[in-house]
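Residue numbers (this note's numbering): 1 to 379.
Honestly, I wouldn't trust all of these hints.
Derived lysine to any residue pairs resembling SDA-like cross-links, with alpha carbons at most 20 Å apart [claimed, not checked]:
#, residue 1, residue 2
1, LYS96, SER165
2, LYS127, LEU193
3, LYS96, SER23
4, LYS96, VAL81
5, LYS96, LEU68
6, LYS96, PRO239
7, LYS170, ALA95
8, LYS96, LEU193
Read the hints as simulated data drawn from the structure, not as lab findings. All values reported here derive from a predicted model rather than from experimental measurement.
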Amino acid sequence: MSPSPYPEGTPYCGEIVLYIAVSFSVLETIFVALRYWAQYLARKPFGIDDGLILLAYLLCTAGTAVALVGITTGGIGYHVVDVAVYNPTALILWAKILVIGAITYTNACCVPKIVILCLYLRIFTGKYSRLTCYILISVILSVAVADTIAAAVMCLPLNYLWDKSIPGGKCVNIPALYRYGSLPNAVTDIFILVVPIPTVWRLQVEMKVKIGLTITFATGSIGMITSIVRCVEFFTHNPVEDGTWNGVRFLYWSIIEPAVYLIAACLPCYRPLIKPFTRKLNGSLATRERTNSKHISGYGLGTKSGDRSGFEDLESGTGTVTGKGTEDYILKEIRITTSVRESDEESLVGNGNVNFVEAMGQRYGEGEGEGKRSRGDIM
Numbered sequence: 001m002s003p004s005p006y007p008e009g010t011p012y013c014g015e016i017v018l019y020i021a022v023s024f025s026v027l028e029t030i031f032v033a034l035r036y037w038a039q040y041l042a043r044k045p046f047g048i049d050d051g052l053i054l055l056a057y058l059l060c061t062a063g064t065a066v067a068l069v070g071i072t073t074g075g076i077g078y079h080v081v082d083v084a085v086y087n088p089t090a091l092i093l094w095a096k097i098l099v100i101g102a103i104t105y106t107n108a109c110c111v112p113k114i115v116i117l118c119l120y121l122r123i124f125t126g127k128y129s130r131l132t133c134y135i136l137i138s139v140i141l142s143v144a145v146a147d148t149i150a151a152a153v154m155c156l157p158l159n160y161l162w163d164k165s166i167p168g169g170k171c172v173n174i175p176a177l178y179r180y181g182s183l184p185n186a187v188t189d190i191f192i193l194v195v196p197i198p199t200v201w202r203l204q205v206e207m208k209v210k211i212g213l214t215i216t217f218a219t220g221s222i223g224m225i226t227s228i229v230r231c232v233e234f235f236t237h238n239p240v241e242d243g244t245w246n247g248v249r250f251l252y253w254s255i256i257e258p259a260v261y262l263i264a265a266c267l268p269c270y271r272p273l274i275k276p277f278t279r280k281l282n283g284s285l286a287t288r289e290r291t292n293s294k295h296i297s298g299y300g301l302g303t304k305s306g307d308r309s310g311f312e313d314l315e316s317g318t319g320t321v322t323g324k325g326t327e328d329y330i331l332k333e334i335r336i337t338t339s340v341r342e343s344d345e346e347s348l349v350g351n352g353n354v355n356f357v358e359a360m361g362q363r364y365g366e367g368e369g370e371g372k373r374s375r376g377d378i379m
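Construct the complete structure from the given sequences, taking the supplied hints into account.
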C-alpha cells in the first residue's frame, strides 16, 4: 500500500464508512443466502422475484464498492481544503462518485421494493389493493429512471462536474437534486406500509392474528426509517459544501438504506428455516395441553395425521373461516408465498402444530371451546 499523501494528524472521519460497509456486506450476504436456502428447502422454482433479489444484492455490493473507493482513493473523510492541497486529483474521483453513487443507490433501493410489491400481488385479490400495487410499482420505476437520468446529466457536459475549465459547462442545483430526489423513497414506503392493512384487518380472525400479520407485512417498510433519516441528513447538511468531509454521512446512509430494503424483501421467505423449531415448540405446548386438559374438542392440536377433526384443507376451499372464500385464499397464499411446499401443507394440517402465522412464532385457538371454532380451523 502506498503511503498516504496526507500528513499525520490530518483530520479524518472515514473509518465509520469502512465499518458500516463491511458489516452490512456481511449481513446482506447472510440474509440473501438464507433466502435462497429457504427456497431450496421448499423446492420452490426460481422465480422473477429471486432474480430481482440477486440483482438488488449486486447493486448493493456495487454501492458498497463505490463507497470503499471513495474513502480509500477519493479523498472522502478529509476536509476538501486538505484534499485540494495534498491530493488534488482525488477531487476528480470524488466528483465521479457523486454520479456513480447516486445511480447505484437509486436502483438498489428500487428493486427490493418491487419484490415486496410482487409479494402483495400474489397474496391480495382486492381490486383496489392490486391497483395500488401496480401504481406503486410504476411510480417506483419512474422515479428510479428519472433519478438515474438526473444523476447522469447533473452537469452538461458531465465532466464539467470535475473540470470547471470546460467552456459553456453548467450544472443543476446538485444539493436540491439530492434532497428532493430522496423524498419519493420515504413517500412510497408509507404506501407500501399501508397497502396490506385494510385487507388484513377485514379478515375474520382474532385480534392477535391480525396484529401478527400486520407486523409481518410492516417488515417490508422498515427501510422507511433509514429513508427518512437519510432525507433529513440531506436537508440539514449540504452534500457539496466541504463535500469530501460531509460526504461521509451521505455515503454510509447510502449503504445502510438499500441494505435494509434488501433484508426486508428477504424476511417473508424464511418460514421453511424456522418451521422445524416452531414445530418442536408447538409440539411441546400441545403435549402440555393434552396433559392439563383432556376434554378439549374441536381442535386436534398434536393429533395424528389421520385425526383431523376441527381442520379443513384450504386447497379444497372448504376452510370454515367466518367470512368469504376470499379470506381462505388470502390465508392460503400467505403460506404459499412464504415458501411452503404443498406436501408440507398437508403434513402441517395433519399434525395440527403449525398455522399460517408460524413465521411470527404465534399460535391461536388452543384451550377454547367448540363455540369458537370458526377461527381455529385455519391451518
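Outcome of the hint check:
For the hint pairing LYS96 with SER165, the CA-to-CA distance comes to about 16 Å; that is within 20 Å, so the pair holds. Taking the CA atoms of LYS127 and LEU193, the gap is about 18 Å. The hint holds against a cut of 20 Å. In summary, the hint linking LYS96 to SER23 is not supported, as the alpha carbons are separated by about 25 Å, beyond the 20 Å threshold. The hinted pair formed by LYS96 and VAL81 meets the criterion: a straight-line CA distance of about 18 Å does not exceed 20 Å.
This hinted pair checks out: LYS96 and LEU68 have alpha carbons roughly 14 Å apart, not beyond 20 Å. For the suggested pair LYS96 and PRO239, the alpha carbons sit about 14 Å apart, so the restraint of at most 20 Å is met. The hinted pair formed by LYS170 and ALA95 meets the criterion: a straight-line CA distance of about 14 Å does not exceed 20 Å. The straight-line distance between the Cα atoms of LYS96 and LEU193 is roughly 35 Å, outside the 20 Å bound, and the hint therefore fails.
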